[in-house]
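Chemist: Take the sequences, apply the hints, and build the full model.
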Amino acid sequence: METANIVEKVGFNLLKQAVIYLPEDVKHALQKAYAEETSEAGKTQLKAILDNVELAERHQAPICQDTGTIIFYVKAGAGVKNLDKIEETLTKATRRATVEVPLRPNSVNPFTQKNSGDNTGRLIPYINWEIVSGDSIELTVMPKGGGSENVCISGMLVPGEGIKGLKKFVVDAVIRAGAKPCPPNILGIGIGGGADISIKLAKKALLRPLNEPNPDPEIAELEKEIFEAVNMTGIGPMGLGGKTTALGVHIDYAYRHPASYPAAVAFQCWAARRATARINSAGKVEYLTHRMW
Amino acid sequence: MAVYKFKTPISEEEIRKLKVNDVLYITGTMVTARDQAHRRALEHFKQGKALPISLEGLAVFHCGPVMKKEGEKWIPVAAGPTTSTRMDIFEDEFIKNFKVRVIIGKGGMGRRTTEAMAKYGAVYGAFTGGAAVLAAKAIRSVRTVEWFDLGMPEAMWVLEVEEFGPLAIAIDSHGNNLFMEVQKKVEENKQRIYQKLGLSP
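Here the protein sequences line up with chains A and B, keeping their order.
The number in our numbering is simply the position in the first sequence, starting from 1, with 10 added.
The number in our numbering is simply the position in the second sequence, starting from 1, with 1208 added.
Honestly, I wouldn't trust all of these hints.
Unchecked claim - Here are the simulated distance ranges between beta carbons:
#1 A:I137 to B:N1305: 47 to 53 Å
#2 B:E1389 to A:S126: 38 to 44 Å
#3 A:P120 to B:K1281: 54 to 60 Å
#4 B:E1220 to A:S126: 44 to 50 Å
#5 B:D1296 to A:N119: 24 to 30 Å
#6 A:N119 to B:R1351: 33 to 39 Å
#7 A:P268 to B:E1301: 54 to 60 Å
#8 B:D1296 to A:P115: 23 to 29 Å
#9 B:R1247 to A:E50: 34 to 40 Å
#10 A:K174 to B:K1215: 53 to 59 Å
#11 A:P115 to B:A1258: 32 to 38 Å
For the record, the hints were derived by calculation from the structure and aren't laboratory data.
Model, not experiment: these values are computed from the prediction.
By construction, the Cβ of each residue, glycine as well, lies at the ideal position given by its N, Cα and C atoms.
Modeler: This is how it looks when you write it as structure tokens:
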């Protein structure tokens, strides 16, 4: 198949879908939060959020002016040809989306502080690779906002404290973050592997739909326990008080070194933007998160 | 919780009616200012230079908008609030010198700003972070842009707005600060959460 042409088109469409339309599971979670929120201040914020989501759809405008750092996740079938061209192709798609959607230019050289103006630069858009069997490609984009990224944390916990240490780490992180990550948030928690692996797992866990608990029932139980705990903080929507501080908690893990307990918390703002599509070997495209496309 | 709709210029008497948790909608003139515009405005004041527009009775919005130009006209695309705490170092002087009545942003502001608001009669209205289209659609027109040399986000955009809101009054002119109250409660709740999770403080 003509990998490059199709991937560029799909990459562009995914970027456009992601910044304009929230995934259905996130919308439902926000609607449920609005129905259940008891704090008046919190309810006002959730109403404004829902109104804004609807307006963005109606006017085909980005939900938030911060259209994020562009991150792709690529699940490539081992049988797919020309995989070496995908990075270049997704960079092209990002440039086009910056002009046509439009996206806010958010890619800055950390030494000169100069903005590239087109959302690209060294290693940006960033691509996470996974090789799977088969001959189709699954592309996911996560435009990640700066406010929530600024409070992401990674830490080395004490192995002897086990899961208790992890729970404290997460609750303290949420309280320290307060209003900054534009709550209600989705929390991705990564455990084990090493410092780099835990934060990577934490961020990737943000992609899991809100209505899908962890397939391991014990971990699903821990997700629920932490979810309930952080919603007891009272931080509430936009930090103005209320019972909706998190929309979901997702955990992923790797085995750890006996002497280390790496852990990380990735924060996602309420504008939890993501979009996924699958391209099969015949070049047929199936949009998985935004089916109305 | 009461809902108020004010037109600019807003008087001190009107602003003193507002209490934390009230909701405010503003119609009239609003001016954007982030870090750089705050700094320059205060420098102008020090040098006895007039600002491009008098801010008395107006609302100041912590916002770096995305605007597009169609012919000679600027059209707002997305205009959500930015984090207000960065402006804490300027805001007390800003309120005192320019008699601004409403500061709009996200995330709240600190003690210095709260005290200035009580002393000179101003409020902080929290606009929902990320609600950029809601904000852009309440902007009827862009009257002018001043200090464009600071760049699009940092320039001073003079906007005509209609029922801009909802603004959650999070700091009133009576010394109340909702964000600080929430933080205090969160600290108390933390102990209950630790207990529930079987953690020692």
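Chemist: Each hint needs a verdict: does it hold in this structure or not?
Modeler: Right, here's what the structure says about each hint:
1. A:I137 to B:N1305: 47 to 53 Å: holds, 50 Å
2. B:E1389 to A:S126: 38 to 44 Å: holds, 42 Å
3. A:P120 to B:K1281: 54 to 60 Å: Once the Cβ atoms are compared, 36 Å apart, the range 54 to 60 Å for K1281 of chain B and P120 of chain A is violated.
4. B:E1220 to A:S126: 44 to 50 Å: The hinted range 44 to 50 Å holds for E1220 of chain B and S126 of chain A, with Cβ atoms some 47 Å apart.
5. B:D1296 to A:N119: 24 to 30 Å: holds, 29 Å
6. A:N119 to B:R1351: 33 to 39 Å: For N119 of chain A and R1351 of chain B the Cβ distance comes to about 35 Å; the hint holds.
7. A:P268 to B:E1301: 54 to 60 Å: Holds: the Cβ-Cβ distance is about 56 Å, inside 54 to 60 Å.
8. B:D1296 to A:P115: 23 to 29 Å: holds, 27 Å
9. B:R1247 to A:E50: 34 to 40 Å: Distance hint for R1247 of chain B, E50 of chain A holds at roughly 36 Å.
10. A:K174 to B:K1215: 53 to 59 Å: This hint holds: roughly 56 Å between Cβ atoms.
11. A:P115 to B:A1258: 32 to 38 Å: holds, 34 Å
Checked against the numbered hints given earlier, the structure breaks only hint 3 and satisfies all the rest.
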